Amino acid sequence: MSTVDLDALVKRSYQHGFVTDIDADTVAPGLDEDVVRLISRKKREPQFLLDWRLKALRHWYGMREPHWAQLRYAPIDYAAISYYSAPRRNGDAPKSLADVDPKLLATYDRLGVPLHERARLAGVAVDAVFDSVSVATTFKEKLAAAGVVFCAFSEAVQRQPALIEQYLGTVVPYTDNFYATLNSAVFSDGSFVYVPPGVRCPMELSTYFRINAANTGQFERTLIIADAGSYVSYLEGCTAPMRDENQLHAAVVELIALDDAQIKYSTVQNWYPGDEQGRGGIFNFVTKRGECRGRNARISWTQVETGSAITWKYPSCILRGENSIGEFYSVATTNHYQQADTGTKMIHIGANTRSTIISKGISAGHGQNAYRGLVKIMPSATGARNFTQCDSLLMNEHCGAHTFPYLEVRNPSAIVEHEASTSRISEEQLFYCRQRGISSEDAVNMIVSGFCRSVFKELPMEFAVEAQALLAVSLEGAVG
Amino acid sequence: MSDTTPGAPLLEVRDLHVRVGGQAVLKGVSLSVRAGEVHALMGPNGSGKSTLAFVLAGRPGYEITGGSASFEGRDLLALAPEDRARAGLFLGFQYPVEIPGVNNAYLLKAALNAARRERALPELDAFEFLSLVRAKTQLMHIDESFLGRAVNEGFSGGEKKRNEILQMLVLEPKLALLDETDSGLDIDAMKIVANGINSLRTADRSIVLVTHYQRLLEYVVPDFVHVLAGGRILRSGDRSLALELERRGYDWLSEPAAA
Numbered sequence: 277m278s279t280v281d282l283d284a285l286v287k288r289s290y291q292h293g294f295v296t297d298i299d300a301d302t303v304a305p306g307l308d309e310d311v312v313r314l315i316s317r318k319k320r321e322p323q324f325l326l327d328w329r330l331k332a333l334r335h336w337y338g339m340r341e342p343h344w345a346q347l348r349y350a351p352i353d354y355a356a357i358s359y360y361s362a363p364r365r366n367g368d369a370p371k372s373l374a375d376v377d378p379k380l381l382a383t384y385d386r387l388g389v390p391l392h393e394r395a396r397l398a399g400v401a402v403d404a405v406f407d408s409v410s411v412a413t414t415f416k417e418k419l420a421a422a423g424v425v426f427c428a429f430s431e432a433v434q435r436q437p438a439l440i441e442q443y444l445g446t447v448v449p450y451t452d453n454f455y456a457t458l459n460s461a462v463f464s465d466g467s468f469v470y471v472p473p474g475v476r477c478p479m480e481l482s483t484y485f486r487i488n489a490a491n492t493g494q495f496e497r498t499l500i501i502a503d504a505g506s507y508v509s510y511l512e513g514c515t516a517p518m519r520d521e522n523q524l525h526a527a528v529v530e531l532i533a534l535d536d537a538q539i540k541y542s543t544v545q546n547w548y549p550g551d552e553q554g555r556g557g558i559f560n561f562v563t564k565r566g567e568c569r570g571r572n573a574r575i576s577w578t579q580v581e582t583g584s585a586i587t588w589k590y591p592s593c594i595l596r597g598e599n600s601i602g603e604f605y606s607v608a609t610t611n612h613y614q615q616a617d618t619g620t621k622m623i624h625i626g627a628n629t630r631s632t633i634i635s636k637g638i639s640a641g642h643g644q645n646a647y648r649g650l651v652k653i654m655p656s657a658t659g660a661r662n663f664t665q666c667d668s669l670l671m672n673e674h675c676g677a678h679t680f681p682y683l684e685v686r687n688p689s690a691i692v693e694h695e696a697s698t699s700r701i702s703e704e705q706l707f708y709c710r711q712r713g714i715s716s717e718d719a720v721n722m723i724v725s726g727f728c729r730s731v732f733k734e735l736p737m738e739f740a741v742e743a744q745a746l747l748a749v750s751l752e753g754a755v756g
Numbered sequence: 088m089s090d091t092t093p094g095a096p097l098l099e100v101r102d103l104h105v106r107v108g109g110q111a112v113l114k115g116v117s118l119s120v121r122a123g124e125v126h127a128l129m130g131p132n133g134s135g136k137s138t139l140a141f142v143l144a145g146r147p148g149y150e151i152t153g154g155s156a157s158f159e160g161r162d163l164l165a166l167a168p169e170d171r172a173r174a175g176l177f178l179g180f181q182y183p184v185e186i187p188g189v190n191n192a193y194l195l196k197a198a199l200n201a202a203r204r205e206r207a208l209p210e211l212d213a214f215e216f217l218s219l220v221r222a223k224t225q226l227m228h229i230d231e232s233f234l235g236r237a238v239n240e241g242f243s244g245g246e247k248k249r250n251e252i253l254q255m256l257v258l259e260p261k262l263a264l265l266d267e268t269d270s271g272l273d274i275d276a277m278k279i280v281a282n283g284i285n286s287l288r289t290a291d292r293s294i295v296l297v298t299h300y301q302r303l304l305e306y307v308v309p310d311f312v313h314v315l316a317g318g319r320i321l322r323s324g325d326r327s328l329a330l331e332l333e334r335r336g337y338d339w340l341s342e343p344a345a346a
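Chains as they are written, first to last, in the working numbering: chain A, 277 to 756; chain B, 88 to 346.
Derived from the structure by calculation, the hints contain no laboratory data.
This one's a predicted model, so the numbers in the text were calculated from it and none came from an experiment.
Beta carbons: idealized from backbone N, C-alpha and C, even for Gly.
There's no promise every hint is true.
[Unchecked claim] Estimated spans, in silico, between C-beta atoms of each pair:
no.	chain 1	residue 1	chain 2	residue 2	range
1	A	E441	B	E240	20 to 30 angstroms
2	B	L219	A	K418	36 to 46 angstroms
3	A	Q442	B	S243	54 to 64 angstroms
Could you build all of it, start to finish, from the sequences and the hints given here?
Here it is in structure tokens:
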């Protein structure tokens, strides 16, 4: 009924696709115990960690890649991937920003990551992970004064080995799934956060992940522990260069919230999505899970997923503590030939646990977008409640939206609600906006932003603007 | 280039033929609207009134098979809908669409600033915009909290129509096409809407009221009345034609003798 060609609107330009020419220390492709030992040795890890990695590797040998997701891709050759790449540097790790390779800092400048003093203005503490290594962490002193530990994972292994040993793998065990197990064996770096009891972290914490080297996988591991009565808000951003081949990204994030603690974890994922024909792009197979281990604990996942050729991630909450709360707010866009199979798992174990799931999927081009969510109410979860809403917006007739909700209710007192909708972007809405003098492109952005509003409002303010801008870029060209 | 002296032709529709889904809906419509004039376009259901309004505003989905339409001498039909709007053409929708999650004020500010950019005027910031809108909301008896709600979402029929007129008052178009703005309004709301329309009536603006009934015309008195039926304008006259239609209905017009 309409002549508006929405397809023409869907022309994406990826702005972070540059490569930094930097001398890298990259391990030869392939994976065996020697590679794992090498990684562990490079990081001067204690024995318990090497043992843990090796157990993971041996377990991984017996695992198979999962294929239950609504995704199609050429087989991944795990033997062709290099499992460690680090920017080569002279001598020891950088002691301060002044010791960091200026080329690296320039890269982060181009990405808009506030590593320098301007970070102070933004009030955001940033840890940056370049390929496999954490490059610099800002604001260490201010955080240290509050007792907050925020550093590279590898640094935490040296400084806080007891915390690592106590918590690592307790939410996502090394046997968890194919990608998480692989990560457990070869993870290189990532971020570590510990917030002591009763402390409200004085600023937003942020990690910026960047894949630079070719033919490498990035396997970062993040561990966040919010001790009793503490609060922390954490954001991760991700970019990668444009390359014709696919690159694997298999990260693991573990969150632990003790009694009365709250963790707010936000992701703006903008890995290279591949080109308009679906060549290249990041394969993003990520395991994110949080556990509300204490009473009244609360974990919120907010994600804006605009990048990657393939997104496979289900940030989940284990609601063990009584009265604990899990939340999942997601916007996922797929354009061109991008595929996303994403959602969450809410596992209710404690009494009176509550969870909220809001998922907004936007499909354009030939993009395929699946919501997959599990709500599981265990017999012990008396009085548990869940509310789920998943809405899909289709920009044309070539793209797809799929919804796979799973419900397992084993306690009769639970209340579980599920609402779902799928709609085409409305010609009437577009015309209405255009009749008011708003360009078709701005109209699409306005309508899509409106569609995502209930998720965007969960993002920290500084990043809500960024997310909205990113969404506009990712749907650039969606109206002719 | 834009000549808006009183009496200058603003909209010139000539022998317009339009098909929708392969079916001829407009079969040679001609209409000339000069600056400062108010025209009423009347006619029975399905006569093509709304089609004419949509085609002039540039809604996709209509096939123009003949004729022309110009706006201030420019070929209207060659312009994108947003360009027509920025040039000063406003369509008041019969069924204003709901846009969930999009703030009413946000849409209106974006619309106003698009028009201001077109006229090489500086864009208004949030404060300037709000003070401008505030006065107009009062005129339309609209509560300010209205501005913070999502566009038309959960609005009553009357609120939607008042919101359309509010948008018109803020955008100050040269030509307003108001498609059945009076339908579904009680008499009080009708007076408020009429009051809003009249406040925009100046020597350099024109209004085309699309309506079934002559009730609105008691409050917004037209200079010309046209009857559209079967895709053609069957008769044009002054206000007395509307009164005659009220008495006699539309049927007598379609009798052969009347053509």
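Which numbered hints are broken by the structure, listed smallest first?
Checked against the structure, the only hint that fails is number 1, while the rest are satisfied.
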